[in-house]
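Peer 1: What follows is each chain in one-letter form.
2 protein chains.
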Amino acid sequence: MKSPRTFALTVAYDGTEYSGWQVQPGRKTIQDELEKAARPLAGCRPDEPSFRILGSGRTDAGVHALGQVARCMMPRWPASPQSLLLGINSKLPEDIRVVSIREAVDRFHPIADAIGKRYQYQIQFGGDRSPFDYRTWHRVVKPHDTGQLQRAAERLIGTHDFAAFQAAGAPRTSTVRTISWSRWRLADQHSAEKWIYEVEGNGFLYNMVRNLVGTMLEVARGRRPVEWIDEVIASRDRKQAGPTAPPHGLFLCRVDYPDELFLSSN
Amino acid sequence: MKSPRTFALTVAYDGTEYSGWQVQPGRKTIQDELEKAARPLAGCRPDEPSFRILGSGRTDAGVHALGQVARCMMPRWPASPQSLLLGINSKLPEDIRVVSIREAVDRFHPIADAIGKRYQYQIQFGGDRSPFDYRTWHRVVKPHDTGQLQRAAERLIGTHDFAAFQAAGAPRTSTVRTISWSRWRLADQHSAEKWIYEVEGNGFLYNMVRNLVGTMLEVARGRRPVEWIDEVIASRDRKQAGPTAPPHGLFLCRVDYPDELFLSSN
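Protein sequences appear in the order of chains A and B. Quick note on the UniProt record's numbering: the first sequence kicks off at 1 and runs consecutively. Quick note on the UniProt record's numbering: the second sequence kicks off at 1 and runs consecutively.
Looking at chain A on its own, in the form it has when it is part of the complex (with noise of 0.2 angstroms):
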């Protein structure tokens, strides 16, 4: 008898149709759809509760993913991780996608051992409204200054306790994280108007990112001075932070863990 492998999937999804990343009961979520489409790989009833793909962070509805990672365990796989991949991207929606997989040792927890991940948030600054961008593109039409935006993220750079961005009745044993990159470009260099800002850390609270951006753009939009950065993260306060963006804009794009997690024949 073969015993059970551990597999991290990376998987990408269009968050638009979806109630976010965790089962809900009624609800359509990215986790379930997973979950429905590897249950039969693994040798389970269809309603088996027991089979479960656990994500290394819940996304919230309508955020999307170029690179979440999640476990799934099979009681049996005879064959290799690449075949499971093309097993279950079979069965998925067309908006959700596992694009790489690798086997991983059996104490591997995509939550526990996560050591970083990194975000993005798109924003278009005016401009026409285009039809192919609203599920992606968060669209500001006030005036800005994305220099200021640009001295705002990196201020935010540095170990700071980060309780001010922090979703209420999220509440976190220690709201203190590392970010050690964080700054806007330009999404494309013939347009002025698209903005993605990039954000990496060793992890990141309930809404964290959303709500930096929100504060962010309180800056740009000259309601604010640049330093009043420092005086929301000196608060701890998340009612001097910044209003939250909305979730369309933004993006999990990588979670790293350490290499020793992995096993090296894949």
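No wet-lab data here; the hints were simulated from the structure. A hint or two may mislead.
What the hints assert, rightly or not - In silico BS3-like cross-links for lysine-lysine, where the CA-CA straight-line distance does not exceed 27 angstroms:
hint, chain 1, residue 1, chain 2, residue 2
1, A, K239, A, K142
2, A, K91, B, K194
3, B, K36, A, K194
Unchecked claim - Estimated spans, in silico, between C-beta atoms of each pair:
hint, chain 1, residue 1, chain 2, residue 2, range
4, B, S80, A, K142, 21 to 31 angstroms
5, B, V141, A, A187, 22 to 32 angstroms
6, B, S235, A, K142, 57 to 67 angstroms
7, B, K142, A, P243, 45 to 55 angstroms
8, B, G26, A, P4, 26 to 36 angstroms
9, A, L186, B, V141, 29 to 39 angstroms
10, B, I115, A, A167, 54 to 64 angstroms
11, A, V105, B, Q240, 55 to 65 angstroms
12, B, S90, A, V105, 49 to 59 angstroms
13, B, G26, A, N89, 32 to 42 angstroms
14, A, K142, B, P40, 23 to 33 angstroms
15, B, G26, A, G127, 31 to 41 angstroms
16, A, R129, B, V141, 26 to 36 angstroms
17, A, P225, B, K142, 28 to 38 angstroms
Claimed, not checked - Just a sample of chain B residues kept apart from chain A, beta carbon distances all over 10 angstroms, derived:
hint, residue
18, I115
19, Y134
20, G203
21, G222
22, V226
23, R254
Here a beta-carbon is modelled for each residue, glycine too, at the ideal position from N, C-alpha and C.
Start from chain A and add chain B according to the hints.
Peer 2: Frame of chain A; chain B shown alone:
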């Protein structure tokens, strides 16, 4: 009392969620959404059947537009064309947008007056299937030769009888059309996978662009030599051409009219 005014709307839409352009009972269509949005502005009852928005031509289910043109006749409209655009857009779903508006002469007819159209067809050759591209890119996994694709496209330029590329059951009085532009280009300098076919002519038969693309793909796959294109044209027989490419790669980009049909005030 003000006299009726005639407007030409340039409309962009993501056709994925619609049963094509044309109103059909019990189906969601682009025309129906536009009429629902504009009808109250025309002072009509919400169910007034005589209020119609006429397009330059139908697009099929799943086909997109960057520049469909449609005529909107307003029994009374006291304000600027731009304010009509804003009024209609405020009531449209996010996957349909009026991108510009011109006031036209009373006799403007969007079908009969069109002197040219441009379409594009988007294909991804190989590579990963992205959850963000499936609505607008046709993905082809078989090996192909893009040089042959380009040579096939060049052979379509000129005045030909395109009867072989017309969908069955859609006869026109004349099937002779002139194609003035027909070429493939890389969508993005950084990727060799994504190609866009651009075709411009004085008119197109029903399903003609999708049939041209399906036929060129036969050549690109090495199943036919490039000279076969000439034989298919000469045959005037739909059965000789390649299969119809799927709708979701196709965009109606532009419809051209003589300038004198539009009022100079705009």
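Peer 1: It remains to establish, for every hint, whether it holds in the given structure.
Peer 2: Evaluation of the provided hints:
Taking the CA atoms of K239 (chain A) and K142 (chain A), the gap is about 22 angstroms. The hint holds against a cut of 27 angstroms. Restraint check for K91 (chain A) and K194 (chain B): the C-alpha separation of about 25 angstroms stays at or below 27 angstroms, so the hint holds. Note on K36 (chain B) and K194 (chain A): the hinted pairing is violated, with a Cα-Cα distance of about 31 angstroms set against a maximum of 27 angstroms. S80 (chain B) and K142 (chain A) have their C-beta atoms about 23 angstroms apart, which keeps the hinted 21 to 31 angstroms range intact.
A hinted range of 22 to 32 angstroms holds for the C-beta pair V141 (chain B) and A187 (chain A), which are about 28 angstroms apart. At roughly 59 angstroms, the beta-carbon separation of S235 (chain B) and K142 (chain A) lies within the given 57 to 67 angstroms, and the hint holds. Taken as a hint, the range 45 to 55 angstroms holds for the pair K142 (chain B) and P243 (chain A), whose Cβ atoms sit roughly 49 angstroms apart. The hinted window of 26 to 36 angstroms between G26 (chain B) and P4 (chain A) is violated, with their beta carbons roughly 50 angstroms apart.
Under the hint 29 to 39 angstroms, the C-beta atoms of L186 (chain A) and V141 (chain B), about 33 angstroms apart, fit the expected range. Against the hinted window of 54 to 64 angstroms, the Cβ-Cβ separation of I115 (chain B) and A167 (chain A) comes to about 56 angstroms, which satisfies the hint. Between V105 (chain A) and Q240 (chain B) the CB atoms are about 59 angstroms apart, so this pair conforms to the stated range of 55 to 65 angstroms. Between S90 (chain B) and V105 (chain A) the beta carbons are some 55 angstroms apart, a value that agrees with the proposed interval 49 to 59 angstroms.
Roughly 34 angstroms separates the CB atoms of G26 (chain B) and N89 (chain A), a value that falls within the hinted 32 to 42 angstroms. In this structure the hint that K142 (chain A) and P40 (chain B) lie 23 to 33 angstroms apart at CB holds, the actual value being about 28 angstroms. Distance hint check: the CB atoms of G26 (chain B) and G127 (chain A) are about 36 angstroms apart, consistent with the given range 31 to 41 angstroms. The supplied range of 26 to 36 angstroms is met by R129 (chain A) and V141 (chain B), whose beta-carbon atoms lie about 34 angstroms from each other.
Evaluation of the 28 to 38 angstroms hint for P225 (chain A) and K142 (chain B) yields a failure: the beta carbon distance comes to about 58 angstroms. The Cβ of I115 (chain B) lies farther than 10 angstroms from every Cβ of chain A, with a closest approach of about 26 angstroms, so its non-interface assignment holds. Once the 10 angstroms rule is applied to beta carbons, Y134 (chain B) is inconsistent with being away from chain A; the minimum gap is 4 angstroms. The beta carbon of G203 (chain B) sits about 25 angstroms from the closest Cβ of chain A, which is more than 10 angstroms, so the claim that it is off the interface holds.
The Cβ of G222 (chain B) sits about 26 angstroms from the closest Cβ of chain A, beyond the 10 angstroms cut-off, so the non-interface label holds. No Cβ of chain A approaches the Cβ of V226 (chain B) within 10 angstroms, the least distance being about 33 angstroms, so the stated non-interface status holds. Once the 10 angstroms rule is applied to beta carbons, R254 (chain B) is consistent with being away from chain A; the minimum gap is 16 angstroms.
Violated hints for the displayed structure, listed by number in ascending order: 3, 8, 17, 19.
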